[in-house]
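K.L.:
Listed below, chain by chain, are the residues.
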Amino acid sequence: MENIKGLTKVDLIFEKISPKEVLTKAYSMKSEEIIQQILDSGLKGRGGAGFPTGLKWKYAAAGKDSEKYIVCNADEGEPGTFKDREILDRVSYKVYGGMAIASRAIGAKKGIVYLRGEYRFLLPQLMKELESFHNMIDEIGYDFRIRYCMGSGAYICGEESALFESIQGDRGEPRNKPPYPTTSGVFYKPTSINNVETLVTVVMIIKHGAEKYNLLGTKDSRGSKVFSISGDTPTPGIFELELGMTVQQFVNEFGDGDTKAVQVGGASGFCVPRKKFNETIIGFEGVPTGGSMKLFNSSRSMYNVLHNYLDFFAEESCGQCTPCRVGCQQLLKGVEKVKKGDVKSTYLNELVKLADTMKVASKCGLGQSVGNAFRTIVENFREEIIY
Amino acid sequence: MVNLNINDQFVSVPEGTTVLAAAQKLKINIPTLCNHPDLCVAGNCRVCVVEQKGARTLIAACATPVSEGMDIHTNTLKVRNARKHIVELLLSEHKSDCTKCYKNTKCELQALANEFAFGDTIFLDIVEDHPYSIDISSPAFIKDDSKCIRCQRCVRTCSELQYISAITVANKGSHQKISSFHDRPMSHVVCTACGQCVTRCPTGALVEKTSIDQVWDAIYDADKHVVVQTAPAVRVALGEDLGYDPGERVTGKMVTALKQLGFDSVLDTDFSADLTIMEEGTELLTRLKKVLVDGDKKTRIPMFTSCSPGWIKFVEHKYPEYLSNLSTCKSPQQMFGALAKTYFAKKRKLDPSKIVSVSVMPCTAKKFEADRPEMRASGYKDIDFVITTRELAVMIKQAGIDFRVLKPSQYDSIMGDSTGAGVIFGATGGVMEAALRTAYEIVTGKEVPFNNLNITPVRGMDGIKEAKIKIEGCTDEWKFLEGVELKVAIAHGLTNANNIMKLVKKGKASYHFIEIMACPGGCIGGGGQPIPTSMEIRENRIKAIYSEDEHMALRKSHENPEIIALYKDFLGKPNSLKAHELLHTHYVEREHY
Chain A
1 MENIKGLTKV
11 DLIFEKISPK
21 EVLTKAYSMK
31 SEEIIQQILD
41 SGLKGRGGAG
51 FPTGLKWKYA
61 AAGKDSEKYI
71 VCNADEGEPG
81 TFKDREILDR
91 VSYKVYGGMA
101 IASRAIGAKK
111 GIVYLRGEYR
121 FLLPQLMKEL
131 ESFHNMIDEI
141 GYDFRIRYCM
151 GSGAYICGEE
161 SALFESIQGD
171 RGEPRNKPPY
181 PTTSGVFYKP
191 TSINNVETLV
201 TVVMIIKHGA
211 EKYNLLGTKD
221 SRGSKVFSIS
231 GDTPTPGIFE
241 LELGMTVQQF
251 VNEFGDGDTK
261 AVQVGGASGF
271 CVPRKKFNET
281 IIGFEGVPTG
291 GSMKLFNSSR
301 SMYNVLHNYL
311 DFFAEESCGQ
321 CTPCRVGCQQ
331 LLKGVEKVKK
341 GDVKSTYLNE
351 LVKLADTMKV
361 ASKCGLGQSV
371 GNAFRTIVEN
381 FREEIIY
Chain B
1001 MVNLNINDQF
1011 VSVPEGTTVL
1021 AAAQKLKINI
1031 PTLCNHPDLC
1041 VAGNCRVCVV
1051 EQKGARTLIA
1061 ACATPVSEGM
1071 DIHTNTLKVR
1081 NARKHIVELL
1091 LSEHKSDCTK
1101 CYKNTKCELQ
1111 ALANEFAFGD
1121 TIFLDIVEDH
1131 PYSIDISSPA
1141 FIKDDSKCIR
1151 CQRCVRTCSE
1161 LQYISAITVA
1171 NKGSHQKISS
1181 FHDRPMSHVV
1191 CTACGQCVTR
1201 CPTGALVEKT
1211 SIDQVWDAIY
1221 DADKHVVVQT
1231 APAVRVALGE
1241 DLGYDPGERV
1251 TGKMVTALKQ
1261 LGFDSVLDTD
1271 FSADLTIMEE
1281 GTELLTRLKK
1291 VLVDGDKKTR
1301 IPMFTSCSPG
1311 WIKFVEHKYP
1321 EYLSNLSTCK
1331 SPQQMFGALA
1341 KTYFAKKRKL
1351 DPSKIVSVSV
1361 MPCTAKKFEA
1371 DRPEMRASGY
1381 KDIDFVITTR
1391 ELAVMIKQAG
1401 IDFRVLKPSQ
1411 YDSIMGDSTG
1421 AGVIFGATGG
1431 VMEAALRTAY
1441 EIVTGKEVPF
1451 NNLNITPVRG
1461 MDGIKEAKIK
1471 IEGCTDEWKF
1481 LEGVELKVAI
1491 AHGLTNANNI
1501 MKLVKKGKAS
1511 YHFIEIMACP
1521 GGCIGGGGQP
1531 IPTSMEIREN
1541 RIKAIYSEDE
1551 HMALRKSHEN
1561 PEIIALYKDF
1571 LGKPNSLKAH
1581 ELLHTHYVER
1591 EHY
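Residue numbers (this note's numbering), protein chains in the order written: chain A, 1 to 387; chain B, 1001 to 1593.
Same shape as in the complex, but just chain A (with noise of 0.2 Å):
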């Protein structure tokens, strides 16, 4: 497996820079520039999707519109993710600096931040640093402002339209695409809406440039990424990891001896059990993660770990469409009732069906992906969920 990089810590999201210097740099250059940059880089979206970066910089701006938005989904909502916090808790800066950057490269002027309800406790410190970072880029010359939104608590806020939606004042509910943020994103304007994370990331791309940014991680899965780590280790919190290791690889430094199964990205990601550790890559060629990293031990029942995620997508679906809303309620009723014995165990088969015509039919990514926590939990302790 020539993908596998082995496990490397780095230090690039969190490193101190001059962003005056950075920003400079970016200033000096052409949006087509700034945008071969990150194509040539590989970036993929950090927020768990992994759609490129600098393909989306470039369909918005292509957008003719003369207003434009940036937005950065500060929205960290998906469970056992917590990395932006402290991103934006310790280097606010680059996060606003990669917003610049993105407005230089798509031609906006506006800038907003939409940052989870719950870390509301963060915006007296975000807002000062923004205030001095105005004054920074006032003095290179970017025509650019950044305002913040607060959000609410749903999850369903974290998809990049029902955001949109939210912003406007509106129920947070995903649209229909097309047409993509890059056509008609919030206000209806061309927008690019990137996780702060990966905001992060283009600083530190154009400061030391895409050839460098390329030695780290695999043809698939360029870069580092920061991990959120929970659950059963002795060490849990933030680690910024090379990409491209093994889930056995990440075990060995983060399990507890006895780790029985990863949860790589969140209720909405998948299951890796132990006999799939070695085989399975933790990225885009393998299992793509937004940063949760759950490590669930042999005293953990499976089946509590599957009730408590479809019980919260049945929650935080925002009942929309038809597929997610009923959908979700169904399996989550249907596990209680193969567990109660109340239905035959094979009824679990007749569910998997049911989470797969969720994935294909589901308005948006919300109940697109519940079938992926699902399917990898049912596959792999089915005994667990009967018994």
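It should be emphasised that the hints constitute simulated quantities derived from the structure, not laboratory data.
Hints are not guaranteed to be accurate.
List time: in silico SDA-like cross-link candidates among lysine to any residue, alpha-carbon distance up to 25 Å [to be verified]:
#, chain 1, residue 1, chain 2, residue 2
1, B, 1177, A, 176
2, B, 1465, B, 1543
3, A, 353, B, 1118
4, A, 177, B, 1010
5, A, 58, B, 1056
6, B, 1078, A, 375
7, A, 177, B, 1543
8, A, 64, B, 1014
9, A, 25, A, 40
10, A, 353, B, 1051
11, B, 1502, A, 212
12, A, 344, B, 1124
13, B, 1318, B, 1168
14, B, 1346, B, 1572
15, A, 110, A, 36
16, A, 9, A, 212
17, A, 30, A, 93
18, B, 1025, A, 179
19, A, 219, B, 1124
Put chain B on the given structure of chain A with help from the hints.
P.N.:
Then chain B, alone, in the frame of chain A:
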């Protein structure tokens, strides 16, 4: 043009067309549920998912615009499995007591279930998992959440077409429901009772509050004289529920059917529509005189029509500062009601306490209007029961009447005569046209200067219409209006009404008279009309209305002989004291949420 293939058939459609519309062009049927021709695309029920070659997921045909070279398949195994699952999921959250449901056989979910989800379902019933409520507080309709499938047609109707948003989406996930401000009962929110949501609800979650049984009881009560009146718009739509295509005029058959049902007097709201014109036209001219000649600061123009109870309630909720701009005239239904238990009773030598007054309306807000405390001018409840066009169709079916073979017959007298001016009340712009036909002639002694009395500028389906008529050759009494250019506007659907009100509020609307109907297309598109509705259906009904007008011997309200007799024998003059007592009313300010 964009080229694509659907089920291996080539089609070329303009950019922006949806996959659904492209398929319809090829006569390929893709089932839909949340989609409605009057409303914005929602794409949330997912019943219309189809497979696009190369796409990761299925796509919603209603919500996806075509793109060049698309290869769409509407009937693959993947599609069929997903569609079956989706319909079954909807059924699992829907209380399927179909045989007892008012919408049985008329339910769109039921139709889908017939196609895709017959036999056993694998899914668990989750209806009882949620506390649901059945809201019977509105006099117009019942909202039964146990039958709601969250398609949000009602929500979109209420916000897009009516600019009210009395019903909105509340909560998320499994708790998501269609609710009102702070979950208040429908009687205590800004709901105008227009019933547009009822005509677009695919299931039995929103249905009119029916008075069918009460009407039958009255009919069977030998002690009672049951009077029925039929609104102008009913006669051009009733046929749709009885096997005819939209736009069929069934006036004569309807009268026969009503007689066969056992109503003692079958009379016409068109009569009181003519009366409304006399009262409202006079009121308008009086207002103009007060404003233009007397300089009276208390009298307000523009004057708004007051025939549409949904519109009245809209003003009461949203623009209470404009209540005095509303004509004080009661609606034709209520004028009729006030006269039925006074004038009619006297003439026909009936005890008014023994009269049961029933109206057949294209409208659900009429049920609310009849219940208003102001509507008891006769000393009794002026209108006892209001049934919708749909309810009348049900009664006709219940009575075993074969509607198609009925011979037409004439309305009874008195209060059964009408003119074409009364008929066109059913279409947007109709009240305006009828009023102009009469007012112009009162003022000038001449007919309105339009070919064959057809005032075409006020007709048509534009959301807001404007017209100007220069008044020339006034009689001595109306000399002050000589040379005045009378400016009028017409809006239908409350979103359009709101747009006009915004102009009025900004002082940017220099109209003298504004006609507003709460429902799209006017009464022919009312909340009590046959389901389904669409622009095409409403246009057909309107065509029928104007054709009905053309076929009338008399086409100006003031020429109605029964109206002339009414004033001579009973009311005196238009806007007389007696007319005010019986035919005029006042309005109240209501909460705006």
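K.L.:
Of the numbered hints stated previously, which ones are contradicted by the structure, given in increasing order?
P.N.:
Violated: hints 7, 11 and 19.
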